[in-house]
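*Asks:* Following the hints, complete the assembly by docking chain Y onto the known chain H.
If you want the building blocks of each chain, they are given just below.
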Amino acid sequence: EAGVAQSPRYKIIEKRQSVAFWCNPISGHATLYWYQQILGQGPKLLIQFQNNGVVDDSQLPKDRFSAERLKGVDSTLKIQPAKLEDSAVYLCASSFDRYYGYTFGSGTRLTVV
Amino acid sequence: AQTVTQSQPEMSVQEAETVTLSCTYDTSESNYYLFWYKQPPSRQMILVIRQEAYKQQNATENRFSVNFQKAAKSFSLKISDSQLGDTAMYFCAFIGAASGSRLTFGEGTQLTVNP
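Line order of the protein sequences matches chains H and Y. Here this note's numbering is used: position 106 in the first sequence is 965, and no number is missing along the way. Here this note's numbering is used: position 91 in the second sequence is 93, and no number is missing along the way.
Next comes chain Y alone, as it looks inside the complex:
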C-alpha cells in the first residue's frame, strides 16, 4: 500500500515571498503520478500541479513548481511570489500506474499568506 506523508501541519509566509511545502511518499511501484491539490475554505479541491514519475523534468505551472526527487521519494511544492489567495490547505497525493491503484492523499499543510 502506498503512503503519503506531509510533515508540516502549518506554515506561514509573507506576501510576495517564496515558500516550500514538503511531501514524501512510499511505494513499490516504478511508475506513478504525483499531485498537489489546494483546498480553500470553499472546500473544493483544486488541482495545482501534476508530475509523472518517469519524467525527470520538474513540473511548473506559473508561480508553482515542484522538486521531484524520485530516489528519495520526495515531492515538494514551491510557491513563488506568494499571494493572499494562496492561503489554503495543500494536499500532496499519489496514484500508481498499476490497475486498481487509488488516489491517496497526505494529511495536508495549512498555508497562511500574511499581508
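The shape of chain H in the complex, shown without the other chains:
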C-alpha cells in the first residue's frame, strides 16, 4: 500500500511569514495526526482528526496554528505568523486502529530564520 505522503520536504521562511504543510494519509485510515518534533526531542501531538472532525487539539497553539481535513482525506497544517521556535520537523501520521500503531510520513523540516 502507498505510504503517508507529505510535502514539502523542506521549507525555510522568515519569522512572521506564513507556511502550509500538506498530508495525504493511507487510503482507508480514518484517523490523521500532526506531530511537531523539535530537534533532539520526541514527537509531540499537535492535532488529531477522526474523519474530518477534530478529536484532540489541546496542544495546538491556536493563536498561530490551524489545521483542516477536508472530506476526511487530505489535511493541511498552517502556521501564521511563524516564530523562530516553530523550527522543527512536522510529521503527519494516520491509523486504521490506533492500538496497532501509526504510519508516519517523512515529515517536513521547517526552518524559521
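Errors might be hidden in some of the hints.
[Stated by the list, open to error] Taking lysine-lysine and the DSSO-like style, the derived pairs with C-alpha atoms no more than 30 Å apart in a straight line are:
1. K921(H) to K870(H)
2. K937(H) to K903(H)
3. K874(H) to K942(H)
4. K75(Y) to K903(H)
5. K72(Y) to K57(Y)
6. K921(H) to K874(H)
7. K903(H) to K57(Y)
8. K57(Y) to K80(Y)
9. K903(H) to K80(Y)
10. K937(H) to K870(H)
11. K72(Y) to K903(H)
12. K930(H) to K870(H)
[As the list claims (entries may be wrong)] If you anchor each label on the Cβ, the simulated ranges turn out as follows:
13. S82(Y) to A864(H): 32 to 40 Å
14. A74(Y) to P867(H): 38 to 46 Å
15. E109(Y) to D933(H): 24 to 32 Å
16. K72(Y) to P940(H): 45 to 53 Å
17. A100(Y) to P920(H): 20 to 28 Å
18. P867(H) to A3(Y): 30 to 38 Å
Everything labelled a hint here was simulated from the structure, so no lab data went into it. No residue lacks a Cβ here, since even glycine has one placed at the ideal position from N, Cα and C.
*Replies:* Frame of chain H; chain Y shown alone:
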C-alpha cells in the same frame, strides 16, 4: 497523564553484537499498548515492535525483542546481531486503552552501529 522516559540519549554497538535500549513509563491505566519506533536520517518513523500490556509474553520481530516488565513499568528493546542499517534514533511510545488517550513518545535514544 502518561510519561515515557528514555534515560540513554546515545548508545553504540559493534556490528553483529547485541544491544539493549531502556524505556520506563508511568501510567494509572491497567490496559495499554507500547511501541518502539525507529527514525533513520530519512526522518520517517518506522514501527519496530508492539506489545499489548495484557499479554505476558514478550513480543519478538526477527532480530528485535522486548523485555516487558509490567510491575516495574519497564519496556526495553533488545537488538540482536546488530547491522549498520540499525543506526537510527529509537523512540519508545505509549498509548492507553482509555478513550482519548494519545500516543506519547519518549525523548529517544540515538543508536550507532559501528563496523
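*Asks:* Against this structure, judge whether each hint is valid.
*Replies:* Structure-based check of each hint:
no. : hint                           : result
1   : K921(H) to K870(H)             : 21 Å, holds
2   : K937(H) to K903(H)             : 16 Å, holds
3   : K874(H) to K942(H)             : 5 Å, holds
4   : K75(Y) to K903(H)              : 21 Å, holds
5   : K72(Y) to K57(Y)               : 10 Å, holds
6   : K921(H) to K874(H)             : 17 Å, holds
7   : K903(H) to K57(Y)              : 27 Å, holds
8   : K57(Y) to K80(Y)               : 18 Å, holds
9   : K903(H) to K80(Y)              : 25 Å, holds
10  : K937(H) to K870(H)             : 13 Å, holds
11  : K72(Y) to K903(H)              : 24 Å, holds
12  : K930(H) to K870(H)             : 26 Å, holds
13  : S82(Y) to A864(H): 32 to 40 Å  : 34 Å, holds
14  : A74(Y) to P867(H): 38 to 46 Å  : 44 Å, holds
15  : E109(Y) to D933(H): 24 to 32 Å : 31 Å, holds
16  : K72(Y) to P940(H): 45 to 53 Å  : 46 Å, holds
17  : A100(Y) to P920(H): 20 to 28 Å : 26 Å, holds
18  : P867(H) to A3(Y): 30 to 38 Å   : 33 Å, holds
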